[in-house]
Amino acid sequence: MQRGTIQLHRISLEGGEAEPLTTWQAGIFDYLPLADGRRIAVVAAAPPTDEDERRTAERDDAKVWGEQVPYGRLWLLELKSGRARMVEGLGDRHVVEMAQRPDGGPLAVLSWATPELDPGCLSCELHAVDLETGKVQALGRAALEASAPTWWNTDGCWHLCYLATTPPSPVGGRAVFDLAVPEIGSPGEHRSLTGGMTVCPSGLAQVADGPPLALFADGLDTAIYRLACRSPTPSSLGTSRRPAHSSQLT
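Per our numbering, residue -14 is the first one in the sequence shown, and the count goes up by one each step.
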């Protein structure tokens, strides 16, 4: 384990010392406790190969900033045994963000073709990962700089929405995109839920039993809206005269 790496720990509610759950060579990038209480989804680099370890030991490989950036792989870590299994179905993609369906179902994953911001954010794809079988359902190319994948259910059909740059220009405000995720078959079209609005979305919050909430910038104010699949525009739930950050929307 390299010094200074980020590792995952657990501590009892009754107190005591923190227990390390990972002691991985390169640390971890991100994690998400799963609904079953038995596993954690972890984003981390693959273990170093024998050749990597040889080069490190013999110090014959110059370390240049920006080169050999590690790819984030998706792992399922079992809390009881400590065993971790990498999800192979994502191939050589770099995992950026993830969100589990509120009913404990699949894991939504946003991935890039490369860990570098440019061109990584230009190659974003959306996936749904079956946590029992490891099977990966491809949900298509996501819009530019996609982030904040969020599940919701309407009329018995699961949807995924996310934030991304408003097309077609690579520079501009954000929009909320949505697509239907069928149990089998092809996913729905990635369509904007906020087209034509004069306010700009900056955050999404998943709700267990209803449409997601979205934080919007409205001039110098911020407003919370509830998204809607059938309505042409989201419905406002209130405006604040004070600025708010997307992390405050929970």
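Bear in mind the hints are in silico, worked out from the structure with no lab data behind them.
It is possible that part of the hints are untrue.
No farther apart than 20 Å at their CA atoms in a straight line, the calculated lysine to aspartate or glutamate pairs in the DMTMM-like style are these [to be verified]:
#1 Lys120 - Asp140
#2 Lys120 - Asp35
#3 Lys120 - Glu110
Just the calculated beta-carbon pair ranges, DEER-fashion [to be verified]:
#4 Gly141 - Arg(-12): 29 to 37 Å
#5 Thr183 - Glu36: 53 to 61 Å
#6 Glu36 - Cys142: 45 to 53 Å
#7 Asp77 - Arg211: 13 to 21 Å
#8 Glu101 - Val192: 31 to 39 Å
#9 Arg(-12) - Arg126: 34 to 42 Å
#10 Asp45 - Arg126: 25 to 33 Å
#11 Ala11 - Asp103: 17 to 25 Å
#12 Thr(-10) - Thr183: 40 to 48 Å
#13 Ile169 - Glu(-1): 40 to 48 Å
#14 Ile(-9) - Thr139: 32 to 40 Å
#15 Pro18 - Asp206: 32 to 40 Å
#16 Pro167 - Val192: 16 to 24 Å
The beta carbon of each residue, even a glycine, is placed where N, CA and C say it ideally should be.
Going down the list of hints, with the structure as the test:
no., hint, result
1, Lys120 - Asp140, "violated, 25 Å"
2, Lys120 - Asp35, "violated, 29 Å"
3, Lys120 - Glu110, "holds, 16 Å"
4, Gly141 - Arg(-12): 29 to 37 Å, "violated, 51 Å"
5, Thr183 - Glu36: 53 to 61 Å, "holds, 55 Å"
6, Glu36 - Cys142: 45 to 53 Å, "holds, 48 Å"
7, Asp77 - Arg211: 13 to 21 Å, "violated, 38 Å"
8, Glu101 - Val192: 31 to 39 Å, "holds, 34 Å"
9, Arg(-12) - Arg126: 34 to 42 Å, "holds, 39 Å"
10, Asp45 - Arg126: 25 to 33 Å, "violated, 40 Å"
11, Ala11 - Asp103: 17 to 25 Å, "holds, 23 Å"
12, Thr(-10) - Thr183: 40 to 48 Å, "holds, 45 Å"
13, Ile169 - Glu(-1): 40 to 48 Å, "holds, 46 Å"
14, Ile(-9) - Thr139: 32 to 40 Å, "holds, 37 Å"
15, Pro18 - Asp206: 32 to 40 Å, "holds, 34 Å"
16, Pro167 - Val192: 16 to 24 Å, "holds, 21 Å"
In this structure, the earlier hints numbered 1, 2, 4, 7, 10 are contradicted, and the remaining ones agree with it.
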